[in-house]
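**Student:** These protein sequence lines map, in sequence, to chains A and E. Residue 4 is where the first sequence starts when you use the working numbering, and the numbers rise one by one after that. Residue 12 is where the second sequence starts when you use the working numbering, and the numbers rise one by one after that.
Honestly, the hints are just simulated from the structure, not real lab data. This one's a predicted model, so the numbers in the text were calculated from it and none came from an experiment. A few of these clues could be false.
Stated by the list, open to error - In silico BS3-like cross-links for lysine-lysine, where the CA-CA straight-line distance does not exceed 27 Å: (1) E/Lys68 to A/Lys76; (2) A/Lys6 to E/Lys12; (3) A/Lys6 to A/Lys73; (4) A/Lys76 to A/Lys6; (5) E/Lys24 to E/Lys68.
What the hints assert, rightly or not - Far from chain E, by Cβ distances over 10 Å, these chain A residues were calculated: (6) Pro12; (7) Thr103; (8) Thr109.
Where is the CB? At the ideal position from N, CA and C, for every residue including glycine.
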Amino acid sequence: AQKITQTQPGMFVQEKEAVTLDCTYDTSDPSYGLFWYKQPSSGEMIFLIYQGSYDQQNATEGRYSLNFQKARKSANLVISASQLGDSAMYFCAMRALMDTGRRALTFGSGTRLQVQP
Amino acid sequence: KAGVTQTPRYLIKTRGQQVTLSCSPISGHRSVSWYQQTPGQGLQFLFEYFSETQRNKGNFPGRFSGRQFSNSRSEMNVSTLELGDSALYLCASSLVHSSGRFQETQYFGPGTRLLVL
């Protein structure tokens with residue numbers, strides 16, 4: 004079965020500094036996808052970045068980059084130049100094969116990031 | 012392009028009642044998935060629909076059901092509500108290419124907050 008682990012329940016970062024949110028995963032599916040989503044207090048899940056298991060290069064989207072270390076099964080999110088609007092809950096997720104033979108998203112428990120002025 | 016929309020946004024029901032939630036995917040997206048988010052269990056996959064058929068199902072009791080219409084809009088139904096069904100219900104849509112390949116990234120709606128009293 005697939006599993007996503009986020010070991011940091013909460014993080015603080017100063018505005019304009021970079022921050023790394025940790026994520027490790029486990030799956031026996033060789034073809035999986037890794038995602039990061041942001042969830043503000045309003046509740047909507049906002050897609051940030053995606054990394055495929057066969058992608059050779061780390062994904063980047065603006066201020067977001069995904070540090071993908073396949074051998075260590077980690078997919079950390081790096082946010083550069085933090086902004087006050089980055090304060091939110093961040094979820095790591097993986098799309099991989101379930102026992103049903105189909106793929107579905109499994110989410111980690113989330114990290115609450117607070118950006119301080 | 013409009014995002015995923017969900018109605019209603021908030022709902023209060025009592026134990027034993029049933030509820031129907033609605034989701035309209037992003038225009039052109041034909042796969043719709045549903046998730047339940049609770050403080051205790053986190054985000055959990057409920058089911059996925061494509062071409063009016065349930066394509067995948069998570070580990071939830073039969074009280075949870077869904078359907079998809081020909082215009083890709085989806086509804087989920089919870090019968091005989093229990094206190095533990097109080098949650099944020101999130102719908103997500105993704106693109107299915109003409110080749111039949113499912114796009115990895117899912118885009119979420121704002122969710123429906125259900126409170127069961």
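**Student:** A separate judgement is required for each hint: does it hold in the structure or not?
**Tutor:** We went through each hint and held it up to the structure:
no.	hint	result
1	E/Lys68 to A/Lys76	holds (26 Å)
2	A/Lys6 to E/Lys12	violated (33 Å)
3	A/Lys6 to A/Lys73	holds (15 Å)
4	A/Lys76 to A/Lys6	holds (11 Å)
5	E/Lys24 to E/Lys68	holds (25 Å)
6	Pro12	holds (12 Å)
7	Thr103	violated (6 Å)
8	Thr109	violated (7 Å)
When held up to the earlier numbered hints, the structure conflicts with 2, 7, 8 and fits the remainder.
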